[in-house]
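*Asks:* Sequence:
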Amino acid sequence: NVMEATTNGAGRVMFLQNTNAANVSNVFEVTTNGTGKTGVLQNTNASNVNNVLDISTNGLGRSALFQNSNAANTAPNASFISNAPGDGLQSLMTGTGKAGLFNINNPANANFTIDASSNGTNNVINSLNTGLGRAGFFQVNNSASTADALSAVTNGVGASWAIRGTSTGTNGAGLFIQS
Numbered sequence: 004n005v006m007e008a009t010t011n012g013a014g015r016v017m018f019l020q021n022t023n024a025a026n027v028s029n030v031f032e033v034t035t036n037g038t039g040k041t042g043v044l045q046n047t048n049a050s051n052v053n054n055v056l057d058i059s060t061n062g063l064g065r066s067a068l069f070q071n072s073n074a075a076n077t078a079p080n081a082s083f084i085s086n087a088p089g090d091g092l093q094s095l096m097t098g099t100g101k102a103g104l105f106n107i108n109n110p111a112n113a114n115f116t117i118d119a120s121s122n123g124t125n126n127v128i129n130s131l132n133t134g135l136g137r138a139g140f141f142q143v144n145n146s147a148s149t150a151d152a153l154s155a156v157t158n159g160v161g162a163s164w165a166i167r168g169t170s171t172g173t174n175g176a177g178l179f180i181q182s
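Heads up: the sequence shown is residues 4 to 182, going by this note's numbering.
Quick caveat, the hints were computed from the structure, so don't treat them as lab data.
Note that the Cβ used here is the ideal one computed from N, Cα and C, for glycine as well.
Be careful, since some hints might not be right.
[Unchecked claim] Computed spacing ranges between beta-carbons, pair by pair:
1) Lys40 with Phe179: 29 to 39 Å
2) Ala155 with Asn46: 27 to 37 Å
3) Ile166 with Gly62: 46 to 56 Å
4) Thr97 with Asn126: 35 to 45 Å
5) Ala155 with Gly62: 41 to 51 Å
6) Ser28 with Asp151: 46 to 56 Å
7) Phe115 with Val16: 36 to 46 Å
8) Ser72 with Ser28: 15 to 25 Å
9) Lys40 with Ser182: 52 to 62 Å
10) Asp151 with Ala119: 10 to 20 Å
Turn these sequences into a full structure, and let the hints guide you.
*Replies:* This is how it looks when you write it as structure tokens:
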């Protein structure tokens with residue numbers, strides 16, 4: 004080990020701080036040229052209710068950036084695996100931005116932007132809007148495209164499309180078609 008620190012006390016094992024506002028260097032940097040992991044953070048106490056890692060910023064940059072610069076690497080850029088009943092990934096936006104943005108910026112890429120699947124008993128995608136907007140909007144914005152904006156296929160005994168309107172208002176049609 005280049006560095007090892009252990010404590011049996013109640014305080015921090017390590018604290019790093021740079022209070023120089025003009026500093027442009029990293030406060031903490033870990034690099035490896037070997038085949039082992041660059042870092043591991045692990046909580047081995049099953050009754051610990053604290054986060055293993057907290058990242059926050061008061062600046063104008065990202066809180067975190069995960070980047071894969073190896074074009075031959077086919078592994079996911081980030082993986083979230085959980086055996087617990089909580090959500091595998093949660094994004095909570097309390098500001099005015101989007102809670103998520105997924106974008107393929109390569110015209111030659113033929114993959115899905117989002118691929119969702121489940122072998123469970125509930126919906127693969129559940130969209131709920133409790134505000135005044137739509138629960139979903141699909142648009143093809145390319146005049147040369149011959150693709151449908153939305154399609155549904157099933158090999159089960161249920162309908163491909165089941166449209167049910169429960170609105171009591173005059174605009175609550177189960178299906179509205181306009182050309």
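*Asks:* Each hint should be assessed against the structure and marked as holding or not.
*Replies:* Evaluated hints:
1. Lys40 with Phe179: 29 to 39 Å: Taking Cβ atoms as reference, Lys40 and Phe179 lie about 55 Å apart, which means the hint is violated.
2. Ala155 with Asn46: 27 to 37 Å: Given range 27 to 37 Å: violated, Cβ gap about 43 Å.
3. Ile166 with Gly62: 46 to 56 Å: Holds, at about 47 Å.
4. Thr97 with Asn126: 35 to 45 Å: violated (26 Å)
5. Ala155 with Gly62: 41 to 51 Å: holds (45 Å)
6. Ser28 with Asp151: 46 to 56 Å: With Cβ atoms ~52 Å apart, the hint holds.
7. Phe115 with Val16: 36 to 46 Å: holds (43 Å)
8. Ser72 with Ser28: 15 to 25 Å: holds (21 Å)
9. Lys40 with Ser182: 52 to 62 Å: holds (57 Å)
10. Asp151 with Ala119: 10 to 20 Å: Given a distance of about 19 Å, which is inside 10 to 20 Å, the answer is holds.
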